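Chain order of the listed sequences is A and B. Residue 62 is where the first sequence starts when you use our numbering, and the numbers rise one by one after that. Residue 62 is where the second sequence starts when you use our numbering, and the numbers rise one by one after that.
Calculated from the structure, these hints are not laboratory results. A couple of the hints might just be wrong.
Since the list gives no way to pick one copy over another, a pair counts as held whenever it fits inside one copy or between any two copies.
Stated by the list, open to error - Derived pair list, reagent style BS3-like, types lysine-lysine, alpha-carbon separation capped at 30 Å:
| id | residue 1 | residue 2 |
| --- | --- | --- |
| 1 | Lys291 | Lys92 |
| 2 | Lys154 | Lys291 |
| 3 | Lys326 | Lys289 |
| 4 | Lys291 | Lys139 |
| 5 | Lys289 | Lys139 |
| 6 | Lys139 | Lys154 |
| 7 | Lys148 | Lys170 |
| 8 | Lys326 | Lys71 |
| 9 | Lys139 | Lys92 |
| 10 | Lys264 | Lys326 |
| 11 | Lys170 | Lys92 |
| 12 | Lys71 | Lys148 |
Since the structure is predicted, the reported quantities are computational estimates derived from the model, not experimental observations.
Next come the chains, spelled out residue by residue.
Protein chains: 2
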Amino acid sequence: MNTLDGLLEKAAKKKDSVIAVACAAETEVLKSVQLAVRQNLASFILFDDEKELQTIMAADFPELLNTLKVSICHTENKAVSASAAVKAISSGKAHVLMKGNLPTSVILKAVLNREYGLRTGRVLSHVAAFEVAGYERLIFVTDAAMNIAPDLTTKVQIIQNSVSVAHACGVEKPIVAPLAAVETINPAMIPSTDAALLTMMNKRGQITGCIVEGPLALDNAVSPEAAKQKGLTGDAAGNADILLVPNIEAGNILYKSLMYFAHAKVGAVIQGAKAPVVLTSRADSAESKLYSLALALLTSDQ
Amino acid sequence: MNTLDGLLEKAAKKKDSVIAVACAAETEVLKSVQLAVRQNLASFILFDDEKELQTIMAADFPELLNTLKVSICHTENKAVSASAAVKAISSGKAHVLMKGNLPTSVILKAVLNREYGLRTGRVLSHVAAFEVAGYERLIFVTDAAMNIAPDLTTKVQIIQNSVSVAHACGVEKPIVAPLAAVETINPAMIPSTDAALLTMMNKRGQITGCIVEGPLALDNAVSPEAAKQKGLTGDAAGNADILLVPNIEAGNILYKSLMYFAHAKVGAVIQGAKAPVVLTSRADSAESKLYSLALALLTSDQ
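If we strip away everything but chain A, and leave its shape as in the complex, we get (with noise of 0.2 Å):
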């Protein structure tokens, strides 16, 4: 069985990771960085301004000013933080960034300038894995926060960005099932028929490392009774481990759905840059953040 817990022992023996925090200077950060550190997941390289850093570690996260695993690197503003963050990763001296307490629009500015930047002429995607109840594998979401609409093309890069994440969690050959509202091909629904396009260019080879198996509503893609009962054969309906959601809006509802309805587990990376980078938000649990790190560590390729 396939759990985020496994993923965070298995991103632990992955050794001499470093993470990039800009903007560090902030308490749910830095207990996320404590977390990350007591479980011997990475070392973590801090920008931020220096002093402000130290007060906060001095009043609140001594054991962090005590421990190898952490250095500072003193910035002036949150561009500055940023850009600094993105260059330890271009000279190889960080291995993942982090978002600390800046806007997401600062740090990705940064990821994507021409000249230090993690451009890599791919599209960045947003990859969810999460752990539901009565699931024995992980079920990831894709994209459900980069990506507004995206077209046939950028839906091609957004499987491969998941799948490339699928592989590093172990998931050698991860069916993928882009999701429609039918299972049958309508003109009228423009979901499906890029979903039976996506299916085809897989057969073509156009896209590799999987198996695409679509349109299919959710009940389709995850109950093989589901499934069955459609009538749909084979063994990818109903077994899918890569959600392609149409939109961001279906990707935000679904992201959510699973979080205040199913209460399941997640933690999530943004794929298709040099360097996995990992946008938690304020209203982020510590241990989805964990759950985060964990999966950005085991995607990058020092």
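Given chain A, work out where chain B should sit, using these hints.
Below, chain B without anything else, positioned relative to chain A:
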């Protein structure tokens, strides 16, 4: 606490209700008829081939042959069965239309027939009522099944249809959350701008009988803590009764996520015609079909 079993009790108290079932000669359909009769929910007129109906009933549902609650009306084929069931509604003999063993398109064609159909000029839309563990109220989701990509004007009607269902279920002033991926207005995201417009239309009296509050992401709609954390003030955010989804994919995914990941109970009805229509499918549980009938009976105005 508002529950689906509570709706069932309330619906049973409504006397002399009649349900017209198009193409009733099928085991799964008759199972729900039998359940409803046992619960004293309503009387039924079953439309289908008389001999076939009597054969199945004699073999598996003898009690349906021996009750005054069930009458049979012979029809020669599916299209005739659909139109006869619809005519039973138009003529006032029945109050709720139920789909039996025929394609949805065939029954909807009869519903929309210009001569004897059930048109009102309003949009037909799907309203589902969910009972979710941990929530004291019913959570209504609309429209997860009828309108593919509704525009602003259609969304207004979808809201009004769902509000009438909420009223019938005893929710006096439902809070409607038009969902988006964000709670800010982003011109690049139509669901967010539509949500803001719907909120203002409600303030200007163009949407009535409810409080509309959006755009909201799902977490800010159903969790007061999440809403507070985002700095959303007032009582509406976090306490939504009705979740308006931006498109059929988001709706279908939310519906199925509630069913398969959160194990919620559900009943659903098509609203906007002269009488409520129940379009259950084979995959629905008997319990769910019963809840749908209860929901329909409560919204019918015999």
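(message) Hints numbered earlier in the text: which of these fail when held up against the supplied structure?
(response) 2, 10
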